[in-house]
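These are the residues of each chain, in order.
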Amino acid sequence: MVSSQKRFKDYPSIKSMSNGSVQPHYPFPDEVLEKILSFVDSHKDRNSVSLVCKDWYNAERWTRSKLFIGNCYAVSPEIVARRFPRIKSVLLKGKPRFSDFNMLPPGWGANVHAWLVKFSNVYPFLEELRLKRMMIGDDSLQLLADSFPSFKALSLSSCEGFSNEGLKAIARNCRNLIELDIQDCLMLDGRGDWVSGFPENFNSLEVLNFSRLDSDVNLDDLERLITRCGSLKVLKLNESIPSDQLHRLLVHTTQLTELGIGVSLQAPHNVLYKDLESNFIKCTNLQVLTVLWDSNPFYLPILFGACTGLTFMNLTDAPLGSGDFSRLLSNCPNLRRIWVLDTVEDKGLEALGSSCPLLEEYRVLPYEPYDPDHGPGVTEVGFEAVSHGCRQLHYVLYFCRRMTNAAVKAVVKNCPDFTHFRLCIMNPWQPDHLTDEPMDEAFGAVTKTCGKLKRLSISGLLTDLAFEYIGRYAKNLETLSVAFAGSSDRGMQCVLEGCPKLRKLEIRDCPFGDGALLSGLAKYDKMRSLWMSSCAVTMKGCSVLAKQMPRLNVEVIKDEESGNDLVAEKIYIYRSVAGPRTDAPPFVLTL
Amino acid sequence: METMANYDGVLWETELRLGLPGGGDHKVLLPPSAASGKRGFSETVDLKLNLGAKEVEEEKAGDVKEDKDNQSFSSKPPAKAQVVGWPPVRSFRRNQTAGQKRSGGETEEAEKGSSAAAGLVKVSMDGAPYLRKVDLKMYNSYQQLSDALGKMFSSFTTGKCDPQGMLDFMNEGKLMDLLNSTDYVPTYEDKDGDWMLVGDVPWEMFAESCKRLRIMKATEAKGLAPRSIEKCKSRG
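For the record, the sequence lines run as chains P and E.
Read left to right, the first sequence gives residues 7 to 597 (this note's numbering).
Read left to right, the second sequence gives residues 367 to 602 (this note's numbering).
Among these hints, one or two may not hold up.
Claimed, not checked - Pairs of lysine to aspartate or glutamate, EDC-like flavour, derived with a Cα cap of 20 Å:
| # | chain 1 | residue 1 | chain 2 | residue 2 |
| --- | --- | --- | --- | --- |
| 1 | E | Lys577 | P | Glu374 |
| 2 | P | Lys158 | P | Glu185 |
| 3 | E | Lys503 | E | Asp513 |
| 4 | E | Lys499 | P | Asp226 |
| 5 | P | Lys124 | P | Asp589 |
| 6 | E | Lys557 | P | Glu374 |
| 7 | E | Lys499 | P | Asp323 |
| 8 | E | Lys488 | P | Asp195 |
| 9 | E | Lys577 | E | Glu555 |
| 10 | E | Lys577 | E | Asp501 |
| 11 | E | Lys577 | P | Asp323 |
| 12 | E | Lys488 | P | Asp222 |
| 13 | E | Lys503 | P | Asp222 |
| 14 | E | Lys557 | P | Asp379 |
| 15 | E | Lys577 | P | Asp195 |
| 16 | E | Lys503 | P | Asp199 |
| 17 | E | Lys488 | P | Asp300 |
| 18 | E | Lys499 | P | Asp222 |
| 19 | E | Lys503 | P | Asp195 |
| 20 | E | Lys499 | P | Asp227 |
| 21 | E | Lys557 | P | Asp377 |
| 22 | E | Lys577 | P | Asp300 |
| 23 | E | Lys577 | E | Asp558 |
| 24 | E | Lys499 | E | Glu570 |
| 25 | P | Lys481 | P | Asp531 |
| 26 | E | Lys577 | P | Asp377 |
| 27 | E | Lys577 | P | Asp222 |
| 28 | E | Lys488 | P | Asp323 |
Because the hints were derived from the structure by calculation, they are not lab data.
Whole structure, please, built from the sequences with the hints as guidance.
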């Protein structure tokens, strides 16, 4: 027998437990298991690991250092703190996505404070906090700054509730701060002296992003900060820096990999031009450029020198015409991702197709979303043109005012690898521009051809047939956004019954009623959330759902205007182990 | 004909006929009126009769006006009332068309945030290479604004710019007379997108409606009301 020479047995032995059950007994010491598990990073993998057996569950919870909470109301701070004792990094998401478009009344919730109070008690070594769509007040920022001496990274995306004072607290007290990343947030005031809050000997910052923040930042303070942070890699400024002073900052930015600036230059001035141009030429490491552009086209070439290595360019605040856009693109052969406005028109998109063969993602946003007379924007022509030249596309977000089934079919034929396909035809119920038919076949083609599709947004005139296609073919679909579509309950039912991996479903202005809602009974606790607004769902239907599914929070949001008590105007349904919300405002009814 | 979901025990049927070139009727389900959508889908529409007369109440929430012309798929649709949250874009641009509030969440907070920002306007001066910004909320009178603008445009340092264009700006005395000067006419873009002369209305009204300032050369201010220009000259 050789087994005695081995340190561990080959197979687990069966251990008889005192209560009569049997449990496989792994001879690994806990330390070994934990060491192995410390290499498992993704929270999805870790969730799987924790389901294997009790030992693994325990080993996993002791070794998890990154927390991902996709819905802050799905779990409570207490539950989290009990299960995971050693957390260093937290990502928390709050409000449903439609809150970005003003569809949630003020005071809905998702305030991070209770979480921070708990974290300050149990996770003294917290290093990172990333929030999306949450409320964070100055008191929370102060608590954050005071409670975690090792704090390194704060990222706020689509958050609000804080002001200059809160940011100042962070600047003053977080001595080891490496990252301050504020995206798409609303400040309560427009002040900017938080930048002066960083102490004179503070120099650890590597990422500073406040590119869309309405904060009047002082140039001198900023220059001093940038000068002393020699490891700065990402710098994204807002518009408060006057363009003629930009060069003062840009001389310090030659090592940056990501730069965001606002450029508002009107009258042509050769000396200023030359200064800025020379700044940009020196940015040889630049991979990402975000430009808030409000300048005379005379100045456009100043950017060219920085474009050769660019992989991502964000021009959503740079209304360029097709000519200027084409000129710019011819300097960007390495682009993988680009975000533009529809001012570039179809011609600009043709240039994109021919200049950027490595493109993987592009987004076209409307310059004047509420005013259709302002320009032709982009159409099915541009949509097809990009796909001809850019065969590696896997992500598209396209806002347009007209589209055809044929164009969409051609696009997915050219680019079958789409994982994210978000098409927004801006006029509700708009049919195929050429044939006047519904756009069902377009999405049939998308779901049939793009087997890897994870995220889909549909628009245009759509009947239940479109939903049949989705249910039948979109087997990897995780997120679906629907607006002004469908003919009957059957549409929603097809999706709920057909898409096994569906996690997020958001629906507005569709003829789906209680029948549709209840057809998803078996599904909702496998999903993160369901949003339905301006559909045909009633309070009765919601009550039935709530009764049958106790582990779901079925929330009805009552707008002030809605007089009819039978209709459920806005509903938000999500699974939760924390039970009904304890902080719900009066207009949120949990059934 | 397609039957729609049962609501309140009533079955609604809708039918849309399009006269397609290929002949024959093409039946498609008509999207129901969304404005009364709070009550479910309750409108029956016959496109052939072009029931534009089916007046749809405009709800406070800003639901979409049912636009029958649009469904006839012919000409450009007439302007609709804005639907809340549609198209699904977030707008952070401050000097967009009039009255557009920044989206990004709860309206109450947005109002607080944007009222602070609403005071910030861009100021451009003909001949100057750059734009500046002023916060109108920091001033109480045209004179204060004039003083501030004077300082702003005179703080431009020499040596870095084309001297020719900068000559006019070097003379601080001249700058201080800016708003009373006959060579330059201060104009502003108001909430409706119209360009007006600065000084015509009481300060509070101006501060409230001003979106952007432009200090024009008097020779270019031809399009503005002569009466206003006279007024401007008489002040100097």
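Against the structure, the hints:
no.	hint	in the structure
1	Lys577/E / Glu374/P	holds, 17 Å
2	Lys158/P / Glu185/P	holds, 6 Å
3	Lys503/E / Asp513/E	holds, 15 Å
4	Lys499/E / Asp226/P	holds, 17 Å
5	Lys124/P / Asp589/P	holds, 16 Å
6	Lys557/E / Glu374/P	holds, 16 Å
7	Lys499/E / Asp323/P	holds, 17 Å
8	Lys488/E / Asp195/P	holds, 18 Å
9	Lys577/E / Glu555/E	holds, 6 Å
10	Lys577/E / Asp501/E	holds, 11 Å
11	Lys577/E / Asp323/P	holds, 18 Å
12	Lys488/E / Asp222/P	holds, 13 Å
13	Lys503/E / Asp222/P	holds, 14 Å
14	Lys557/E / Asp379/P	holds, 18 Å
15	Lys577/E / Asp195/P	holds, 18 Å
16	Lys503/E / Asp199/P	holds, 18 Å
17	Lys488/E / Asp300/P	holds, 11 Å
18	Lys499/E / Asp222/P	holds, 10 Å
19	Lys503/E / Asp195/P	holds, 12 Å
20	Lys499/E / Asp227/P	holds, 18 Å
21	Lys557/E / Asp377/P	holds, 15 Å
22	Lys577/E / Asp300/P	holds, 15 Å
23	Lys577/E / Asp558/E	holds, 9 Å
24	Lys499/E / Glu570/E	holds, 18 Å
25	Lys481/P / Asp531/P	holds, 18 Å
26	Lys577/E / Asp377/P	holds, 18 Å
27	Lys577/E / Asp222/P	holds, 17 Å
28	Lys488/E / Asp323/P	holds, 15 Å
Every hint from the earlier list agrees with this structure, and none is contradicted.
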